[in-house]
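Colleague: Chains as they are written, first to last, in the working numbering: chain H, 1 to 300; chain C, 1 to 370.
The hints are simulated quantities; they were obtained by calculation from the structure and are not laboratory data.
Built from N, CA and C at the ideal position, the CB exists for glycine as well.
Don't take every hint at face value.
[Stated by the list, open to error] Below, a list of computed lysine-lysine pairs in the DSSO-like style, where the Cα atoms sit at most 30 Å apart:
id, chain 1, residue 1, chain 2, residue 2
1, C, K167, C, K196
2, H, K194, C, K167
3, C, K167, H, K243
[Claimed, not checked] What the simulated footprint calls covered on chain C by chain H, stretch by stretch (three residues with Cβ under 8 Å from a Cβ of chain H suffice, anywhere in the stretch; the number is not a length):
id, segment
4, 63 to 74
5, 170 to 182
6, 187 to 198
[Claimed, not checked] Only part of the chain C face toward chain H is listed, based on derived beta-carbon distances under 8 Å:
id, residue
7, T30
8, Q31
9, G32
10, R39
11, S40
12, I44
13, N59
14, P155
15, S156
16, V314
Here is how the chains run, residue by residue.
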Amino acid sequence: MTPNLTAEFTSVDDVQTAFASENYIADRPLALTMKLASDLGKPVLLEGEAGVGKTEVAKVLASVFATPLIRLQCYEGLDANTTLYEWNYARQILHIRMAEHDEDKRATLEKTIFNDEFLLNRPLLEAIRHPGPRPAILLIDEVDRADEEFEAFLLEMLSDYQVTVPEIGTFSATMPPRVILTSNRTRELNDALKRRCLYLWIDYPSPAKEREIIARRVPGIESSLAQAIAEVMHRLRQIDFYKRPGIAETLDWSQALLGLGVEEITADLMDDTAGVILKYHDDIERLRSIGYDHVIAGEV
Amino acid sequence: MEARDRPSSSIMERTLELCRLAKDAKLPVTQGRVIDVFRSLESIDWLNEDDFRLALRTNLVGNREDEIRFDRVFHDYWYGPGQDNEDYKPWRPELIRGEKQHGDVRGHEEMLTDSEQFGAEEVSRELNLTARWDESAPPLDQVIRALAKRLATRPSRRRQHAPNGRKIDLRRSVRRNLRHGMDMLDLARVKRRTRKTRIVLLSDVSGSMDAFNPFLLQLMLGLQQALKNSRTLVFSTQLTEITALLRRSSVHQTLGEIGATVQHWSGGTDIGNALAKLNRGILREGSSRSTVAIIISDGYDNGITEQIEHEMRVMRRRVRKIVWINPMYGATTFEVRATGMKAALPFVDHFLPAFNAKSLKILVRELAQI
Chain H
1 MTPNLTAEFT SVDDVQTAFA SENYIADRPL ALTMKLASDL GKPVLLEGEA GVGKTEVAKV
61 LASVFATPLI RLQCYEGLDA NTTLYEWNYA RQILHIRMAE HDEDKRATLE KTIFNDEFLL
121 NRPLLEAIRH PGPRPAILLI DEVDRADEEF EAFLLEMLSD YQVTVPEIGT FSATMPPRVI
181 LTSNRTRELN DALKRRCLYL WIDYPSPAKE REIIARRVPG IESSLAQAIA EVMHRLRQID
241 FYKRPGIAET LDWSQALLGL GVEEITADLM DDTAGVILKY HDDIERLRSI GYDHVIAGEV
Chain C
1 MEARDRPSSS IMERTLELCR LAKDAKLPVT QGRVIDVFRS LESIDWLNED DFRLALRTNL
61 VGNREDEIRF DRVFHDYWYG PGQDNEDYKP WRPELIRGEK QHGDVRGHEE MLTDSEQFGA
121 EEVSRELNLT ARWDESAPPL DQVIRALAKR LATRPSRRRQ HAPNGRKIDL RRSVRRNLRH
181 GMDMLDLARV KRRTRKTRIV LLSDVSGSMD AFNPFLLQLM LGLQQALKNS RTLVFSTQLT
241 EITALLRRSS VHQTLGEIGA TVQHWSGGTD IGNALAKLNR GILREGSSRS TVAIIISDGY
301 DNGITEQIEH EMRVMRRRVR KIVWINPMYG ATTFEVRATG MKAALPFVDH FLPAFNAKSL
361 KILVRELAQI
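Chain H with its partners taken away, still in its complex shape (with noise of 0.2 Å):
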């Protein structure tokens, strides 16, 4: 399909379109939320189990109208440095130490060494400085794990979009970006945050929908194994594990038992292939003591 110039939904209806064009099936709440952001300029915080496809969600996007993916991953530490900007302090110094043999150059020296030669964007304000024509698509990925200072500084960025850099100015968006931001829900964020953004939970896809993702990723499976697929994937994840399987194990293992040229599940090639599925011991111990039968069987 190609890609979407205006960078606007007209309808839900268009974004479950654009979103199918890229193989990611958008049900209709994630659908009507990428809708509402776009009309009114707001953040996404996107909470959900891990590999239910949140991160996905920025990528298709970024496809979509066929503008750059920014993504923030964040982790415990994060500062403004490494999220803002820094100078490129080698090159400086360079710079300075071959203006030392030269009178004129030293003169100017101050002028030159701040500006935007030696400056390194990072991801918030490569986002902001983004020129368009279509706005970026920032991700920040895994709020949760960035430290309760760095949502604080967030805050300030997402409201005017706009960043300061003392030796040469004040940066404002042109082309404010779509920011979607992730969670794992590893701890409440901030209030104050989450007021800025609308908010859906994504949750593991129903075994019609997942059967759908699993024909539409791997070309080439039979629609009866598909479905037996996500029917098994589905009870899977009422078993308590440690790390229930996501969408990524489905897709994994989808692969591995197309490769396998099978037709139909067995219990002995469910436990020769539970590895892909299951990615702890202990995980595959329980699935082993519950038995593959009753899993395949339905009887959970």
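Once you have looked at the hints, place chain C on chain H.
Modeller: Coordinates of chain C only, in the frame set by chain H:
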């Protein structure tokens, strides 16, 4: 079409009414959010009930529980509260109400009598906790801070600017000395940052712990005040989170509200169940490894020992450290006799015998010397 371009007055009134109801249901509704709700209506097909609901919801909620609550408010508003739809789930049942299923002992027939007995003992009365509050006890703030410092911090890999730091911060030093023509006169230094840790306090308030109530209350209040991002839960046969209650401005208000909320105070003990709910609740998958769990209990348990062992193993993986404070340990007759305690012990990082502020203080001092 024209009618749809601008929401008609009746839908506006309805929307406003829904926002008000949502606010009454303790959803985080603010003026700004309501304005955004109305802005949203202009860009959706609000004749479609689902779209209308979703547009309101995405603007008015802040977390998943809010979503579920909003759906209920919305449903009740249009269909009346009596018309229960099975799609609507109660709000986080396991953490809020902690409903104990009497007789549900997962196939362990032999435990049945015990469990029923203890289920029956679960007291449902308003509790006067004020009587158990010792006004004269010395404040615990200091000792809790020391405890937290010892247990709940660790040096981070990241560094922070500090004049007395050990390492030289080259980047900052260069920057600072640009004005001296790059003669390094004034060095900037860094030290390792201290990582903050979240504390989850799980306190046993069953009958066998009654004697230590003044100490428990003091510890819970002190910890919550000293470490703002910690969370406190109490358990006996059920599990209740009381973090919000501990933030009330006066001690008496706090005690009153805890008494009114925690119906199972002085009940039986089911440690395994409480741990299970904690593991599935706030320590769920993805819980950061910087969490320290502090359990205060005598370890006397009427639940299933295997379950305790299993849940301790799960918890071990989800938190950085498990600290067990056992008030009974101070008694001369104490031995690890309580079956629950025995099962849990292998997974505990620090086992602290403490029964009042004084013993806790001594303990923290000893701990600091290790």
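Colleague: Which numbered hints are broken by the structure, listed smallest first?
Modeller: Of the numbered hints given earlier, those the structure breaks are 2, 3, 8, 14, listed in rising order.
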